[in-house]
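There are 2 protein chains.
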Amino acid sequence: MRMSNMLIATLREVPAEAEIASHQLMLRAGLIRKMSSGIYNHLPLGVKVLKNVEEIIREEMEAKGAQELLCSAIIPAELWQESGRWDAYGAEMFRVKDRGNRDYCLGPTHEEVFTSTVKNEIKSYKQLPINLYQIQTKYRDERRPRFGVMRSREFIMKDAYSFDKDQEGLDIAFNKMHDAYVNIFNRCGLDAKCVEADSGAIGGSNSAEFMVKSEVGEDDIVFCTACDYAANIEKAEAIAEKAEEEALQEMKKVETPNSRTIEEVSEFLNVDTKKTVKTLLYNVDGKTVAVLVRGDREVNEVKVANASNATGDIELASHEQVMEATNAQTGFAGPVGIKVDLLLVDEEVKNMHNIIVGANETGYHLTGVNYGRDFEGVVGDFRNVEEGEKCPKCGGKITIAKGTEVGHIFKLGTKYSESMNAKFIDENGKEQPFIMGCYGIGVTRTVASIIEQHHDENGIIWPLEVAPYKVSVIAVNSKDEEQMKIAEEIYNNLRSLGLDVLFDDRKERAGVKFKDAELMGIPMRVVVGKKITDGEVEFRLRTSSDNEIIKIDEVEGRIRTEFEKNGLKLR
Amino acid sequence: MRMSNMLIATLREVPAEAEIASHQLMLRAGLIRKMSSGIYNHLPLGVKVLKNVEEIIREEMEAKGAQELLCSAIIPAELWQESGRWDAYGAEMFRVKDRGNRDYCLGPTHEEVFTSTVKNEIKSYKQLPINLYQIQTKYRDERRPRFGVMRSREFIMKDAYSFDKDQEGLDIAFNKMHDAYVNIFNRCGLDAKCVEADSGAIGGSNSAEFMVKSEVGEDDIVFCTACDYAANIEKAEAIAEKAEEEALQEMKKVETPNSRTIEEVSEFLNVDTKKTVKTLLYNVDGKTVAVLVRGDREVNEVKVANASNATGDIELASHEQVMEATNAQTGFAGPVGIKVDLLLVDEEVKNMHNIIVGANETGYHLTGVNYGRDFEGVVGDFRNVEEGEKCPKCGGKITIAKGTEVGHIFKLGTKYSESMNAKFIDENGKEQPFIMGCYGIGVTRTVASIIEQHHDENGIIWPLEVAPYKVSVIAVNSKDEEQMKIAEEIYNNLRSLGLDVLFDDRKERAGVKFKDAELMGIPMRVVVGKKITDGEVEFRLRTSSDNEIIKIDEVEGRIRTEFEKNGLKLR
Chain R
1 MRMSNMLIAT LREVPAEAEI ASHQLMLRAG LIRKMSSGIY NHLPLGVKVL
51 KNVEEIIREE MEAKGAQELL CSAIIPAELW QESGRWDAYG AEMFRVKDRG
101 NRDYCLGPTH EEVFTSTVKN EIKSYKQLPI NLYQIQTKYR DERRPRFGVM
151 RSREFIMKDA YSFDKDQEGL DIAFNKMHDA YVNIFNRCGL DAKCVEADSG
201 AIGGSNSAEF MVKSEVGEDD IVFCTACDYA ANIEKAEAIA EKAEEEALQE
251 MKKVETPNSR TIEEVSEFLN VDTKKTVKTL LYNVDGKTVA VLVRGDREVN
301 EVKVANASNA TGDIELASHE QVMEATNAQT GFAGPVGIKV DLLLVDEEVK
351 NMHNIIVGAN ETGYHLTGVN YGRDFEGVVG DFRNVEEGEK CPKCGGKITI
401 AKGTEVGHIF KLGTKYSESM NAKFIDENGK EQPFIMGCYG IGVTRTVASI
451 IEQHHDENGI IWPLEVAPYK VSVIAVNSKD EEQMKIAEEI YNNLRSLGLD
501 VLFDDRKERA GVKFKDAELM GIPMRVVVGK KITDGEVEFR LRTSSDNEII
551 KIDEVEGRIR TEFEKNGLKL R
Chain G
1 MRMSNMLIAT LREVPAEAEI ASHQLMLRAG LIRKMSSGIY NHLPLGVKVL
51 KNVEEIIREE MEAKGAQELL CSAIIPAELW QESGRWDAYG AEMFRVKDRG
101 NRDYCLGPTH EEVFTSTVKN EIKSYKQLPI NLYQIQTKYR DERRPRFGVM
151 RSREFIMKDA YSFDKDQEGL DIAFNKMHDA YVNIFNRCGL DAKCVEADSG
201 AIGGSNSAEF MVKSEVGEDD IVFCTACDYA ANIEKAEAIA EKAEEEALQE
251 MKKVETPNSR TIEEVSEFLN VDTKKTVKTL LYNVDGKTVA VLVRGDREVN
301 EVKVANASNA TGDIELASHE QVMEATNAQT GFAGPVGIKV DLLLVDEEVK
351 NMHNIIVGAN ETGYHLTGVN YGRDFEGVVG DFRNVEEGEK CPKCGGKITI
401 AKGTEVGHIF KLGTKYSESM NAKFIDENGK EQPFIMGCYG IGVTRTVASI
451 IEQHHDENGI IWPLEVAPYK VSVIAVNSKD EEQMKIAEEI YNNLRSLGLD
501 VLFDDRKERA GVKFKDAELM GIPMRVVVGK KITDGEVEFR LRTSSDNEII
551 KIDEVEGRIR TEFEKNGLKL R
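Going down the list, the protein sequences come from chains R and G. Each residue of the first sequence is one higher than the one before, starting from 1 at the first, in this note's numbering. Each residue of the second sequence is one higher than the one before, starting from 1 at the first, in this note's numbering.
Chain R on its own, in the form it takes in the complex (with noise of 0.2 Å):
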């Protein structure tokens, strides 16, 4: 491409709406503007990076035998209320109605279309197994959009399904899965971590996200430095400690006037924190759900979810609900006597004594309180996980980082087939309902992420694959006839070596081509200035500060190093 007739929608300033590296660069550099919140537009640069992205998914899921779709973005309401997620999946959906009022969602996934198409299509076990996959454009109304195209409400998702007639087959293709994920983020230049996720009630070890650290990741993710465990927090398990043994106290009720806060009563009290539980009041489908952890401890909702078969998010109980269990205001809550439709314990709590909760009596609290002999419920891991703890595979310490989910692999098992009646004739003629995997990949998302990983402060710095020119020619002085020619031979060579080449040809100064090019990210460059009279030009990584001085004949041969380097091939 000549950059004279290039659309080159490079900035010099900072955009204020951009708080991340990755969303100011992809606005700096002229990858993407701004259509609506949350809504993008890809210019060219964005393009044929997203179209590197894509064919990389492509190659990788087809290696596995996986084949492509194209399903509509609009979906029919009906599909969505067979499989009962018409009304649960609540304002994120984008809904619309055609001019004969019939509803329509955006899809912001394809579980039930991809269900219903093979259910139409597959009638037999011979014909499993099979593993079908889009590259489509998905909606989701976002409360929240952010960071660009990291959590935007329209965006490109790779989304694929696989259909097995048993459980082997289904953990045979979730790990074809996996692999082919690793190929692709390692294609991307990108390092994602595989951590173990919830999956909900279906339990085990069957969801799994990759992962990039992120300063600006909207999850936490829980790594043991001496192992190779991770997983989310929300899955991670957490091992209770032991408390020391000591003598059991009589429980006694004390007056806490004005403290409510587990600060406030530790305070009060003048105890440790640690010796105080918390009981913290959910509304779950309608129903109450008590939960104790330690006083320092974090409540980990997902695991409260899980344990109380929530059938969608859960939140905090209204004033009223709290009312209604403690008779108390909110702040003085304990498992001693409330009434609850399900009381959970964590089991750090069962292991401790003389705990001092909640007396369910406005302005008291209970102290000397001990599980068994003063209440009893439901024991399990309801906490998160803290840096420092111990690893649960090996024993090791445990940290945290943030992270940004780009990938998505998840066992469903019948969730979906069973719902939309979606069956096949077994071996013995009977019918059967698909065992189903879904596998996702954040397409936008993976592009941005690559670019929070790859870049310094002059610009992006793309990995070879994706990046959407490989090299970028400049001739330092463009009224220099003779640098103008070499760099335009240079350029129709490398172009004829089937390489996406920059050739940038614009009556700028060469600073600013410079600039441009590592505002862009191009990942070589080969500038062509004075030294032609020695038959020589200047050739730069741009992850290298360094100029090499090159014959003008070798700088093929050095691009194609680059290329042999990064385990790419060049025509």
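Careful, some of the hints might be misleading.
[Said to hold, decoys possible] Sample of chain R residues lacking proximity to chain G, with all beta carbon distances greater than 12 Å (derived):
| no. | residue |
| --- | --- |
| 1 | 5 |
| 2 | 40 |
| 3 | 66 |
| 4 | 515 |
| 5 | 519 |
[As the list claims (entries may be wrong)] Interface residues of chain G toward chain R, partial, derived using beta-carbon atoms under 8 Å:
| no. | residue |
| --- | --- |
| 6 | 5 |
| 7 | 42 |
| 8 | 71 |
| 9 | 287 |
[Unchecked claim] Covered by chain G, according to a simulated footprint, are these stretches of chain R (three or more residues, beta-carbon under 8 Å):
| no. | stretch |
| --- | --- |
| 10 | 117–126 |
| 11 | 342–354 |
| 12 | 412–424 |
Hints were generated in silico from the structure; no laboratory data involved. Model, not experiment: these values are computed from the prediction. Note that CB positions come from ideal geometry on N, CA and C, so glycine has one too.
Given the structure of chain R, go ahead and fit chain G onto it with the hints provided.
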């Protein structure tokens, strides 16, 4: 692709829902499935063809210097309010509200978005010309979706928009796009004819459509049998017949009870319909417009709309409007004494003598009426051309055929840049509106049109470049190990050439395999059967019914020959 692993969705029966060949074959060969009225999912075979067509479009667009963007499908209402089209677009536009109750549409086209983008990015004439395109999903809530993807509500379109500093630049851009379209449709194997089309208020030869002749086409295309004249009937110029000289009669009112239509009046008065004139009344943006054409002619509503500066579609006047204009029941309107906002007279009517028209009185007509003496109006071309008339260009004979529009190129001028205040600074430092063109190709419709032109009773016959797979390798007896081994070797060898090949390794009868390959339209097939004992296989083109017996080691060469014949390269 090994067919044993493939989602094969071929159907033996012709689906009842499909009326036309392409729709039937896209269903039968397993390219598409219906999701909802006018909304389709593409199955793997369909996706492959789409991608091939898209790739051709991309290459030809980029060869003309166009750059690819990717804009959101969701577009905020404000942009459409700026251009004035939010209200004008009517029921065909899908509208959607987000959780904040803000208005958006699902883009039926993207003039507003591209104009706004260029307005923000391009400031100077130095950055012009520029041509930006996208291949993207469009939404139009058609009143009557039909013929499968031929007229659907969600479809893929290539839309491009050119921005120039002056009219000469636009002319160049328009011609480049014309040439690109010729190349695109040629490579798709489509016989698409470029015809003059209506360009609304802008006028001139500013709009051209690429039309595919088709019995099920929704447009009438006017061709000259002698020269290269071709136009959409909406646009095609009608040459007014000169009437023979005759003495002017006196105007007389005659009773014509129950005679309302031209046929009834002609019969009642025993005259040729060519002596009568029909007066049709239209509602144009609330105003009443009367149009006079010879009794046997058809009014051209596009010409009427243009002449009356209609902002949108026009419709026949209501009974109340007719009563108000004529003081009579419908069927008795005429030009003498009619009360309308505009009276349009087809040139042919002006030339006629002693015509018969409605008397604007229920039950009466006038005879001996003459233009100039008895009534006057705006004279022009307001009728449809008819088969056998004279070509406006060379005087040759006109013929009319049905056609389907697959592409449209259009000089917009400053329509959008003016209304959206999109301006650049010209050579003299003055602000000027961009001079725009827009250029569309219906991608999904192009695929259907290719099938309309390339099929037989056994299935699709893909032109080589768009074919989802180029060759099908079939072992006659899948239980014969030697046949399977050689078939597999041929398959692997052809794949190593970078070729999309199908290997029918299914345990099916040979007849089933042949039928599927023909239905899917695979251009070449290699049949491995008993002749392998002589080192021979059968080669057959989908376009032929002859089997060529060739040596196994001649297969590659034979296929190379076909590629060369089609101007294509093989690795």
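Non-conforming hints, listed in increasing numerical order:
1, 2, 3, 9, 11, 12
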